[in-house]
Amino acid sequence: GQQVMQIPQYQHVQEGEDFTTYCNSSTTLSNIQWYKQRPGGHPVFLIQLVKSGEVKKQKRLTFQFGEAKKNSSLHITATQTTDVGTYFCAGPGNTGFQKLVFGTGTRLLVSP
Amino acid sequence: DVKVTQSSRYLVKRTGEKVFLECVQDMDHENMFWYRQDPGLGLRLIYFSYDVKMKEKGDIPEGYSVSREKKERFSLILESASTNQTSMYLCAARAAGMGYEQYFGPGTRLTVT
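Chains as they are written, first to last, in this note's numbering: chain A, 1 to 112; chain B, 1 to 113.
Chain A with its partners taken away, still in its complex shape (with noise of 0.2 Å):
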């Protein structure tokens, strides 16, 4: 079945050094979408990448959707703890768009 994976499952920086996730999908994605879960909480949405290549920048958040439309990656420049959360990414499933498929998360913990 289709799956989206993301790596790495966890990564612990300290304040002000650069996070990266990536994720990796079996199958091509029509668009991929952006998710951040705080500690307790429950995942909000980022952003919405639709274009093959595109570039989409959050403050010190990057987004990228690859050429091939399978992959996508977040990047977060000097990092505050305020970044602390499960980054995930999700894709419509390929047997019908109403629903998403969510990779398997990326834990960022900072330390002051």
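Just so you know, the hints here were simulated from the structure itself, not pulled from any lab data.
Only a predicted model underlies this, so the values are computations on that prediction, with no experimental measurement involved.
Positions of the beta carbon are idealized from the N, C-alpha and C atoms, including for glycine.
Incorrect hints may have been included.
[Said to hold, decoys possible] What follows is a list of derived Cβ distance ranges for each label pair:
#	chain 1	residue 1	chain 2	residue 2	range
1	A	T28	B	R44	19 to 25 Å
2	A	G53	B	T113	50 to 56 Å
3	A	K59	B	S65	41 to 47 Å
4	A	A68	B	A96	23 to 29 Å
5	B	P106	A	T28	31 to 37 Å
6	B	R109	A	V44	16 to 22 Å
7	B	K57	A	N24	24 to 30 Å
8	A	N94	B	D38	20 to 26 Å
9	A	Y10	B	S65	31 to 37 Å
10	A	A68	B	V12	45 to 51 Å
Given chain A, work out where chain B should sit, using these hints.
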């Protein structure tokens, strides 16, 4: 600014009990979802509904059923709770069509003893 609410944040039930988890959304969205979240396993889809009285199984439907009698309400039912159903349960809602964001509820931490 409340969008998706869940009936309980924490719930403790005994093995064999019938458990109801309720979810209500105020966005008039067609699609509603139930996930469970366990450490290291990410978000796994249990069931989803794309319209009133319509439902589809997700990836892990065994041991669960759902009910959607009204558009705004989607219930998850554990017919006979078991300890391996101890988990965080997240409800979500999303508009029909491509490319809409998904709104999650705050989650229910269910413990089955």
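How the hints compare with the structure:
One distance hint, 19 to 25 Å for the beta-carbon pair T28(A) and R44(B), holds here, with the actual separation near 23 Å. Evaluation of the 50 to 56 Å hint for G53(A) and T113(B) yields a pass: the beta carbon distance comes to about 51 Å. The given range of 41 to 47 Å is respected by K59(A) and S65(B), whose C-beta atoms sit roughly 43 Å from each other. At about 28 Å, the CB distance of A68(A) to A96(B) agrees with the hint of 23 to 29 Å.
Between P106(B) and T28(A) the beta carbons are some 34 Å apart, a value that agrees with the proposed interval 31 to 37 Å. At about 18 Å, the CB distance of R109(B) to V44(A) agrees with the hint of 16 to 22 Å. A beta carbon spacing of about 26 Å between K57(B) and N24(A) agrees with the range 24 to 30 Å that was offered as a hint. Separation of N94(A) from D38(B) is about 24 Å and conforms to the stated range, judged on CB atoms against 20 to 26 Å.
At about 34 Å, the beta-carbon gap between Y10(A) and S65(B) stays in the expected band of 31 to 37 Å. Here the CB-CB span from A68(A) to V12(B) is close to 47 Å, well matched to the stated 45 to 51 Å.
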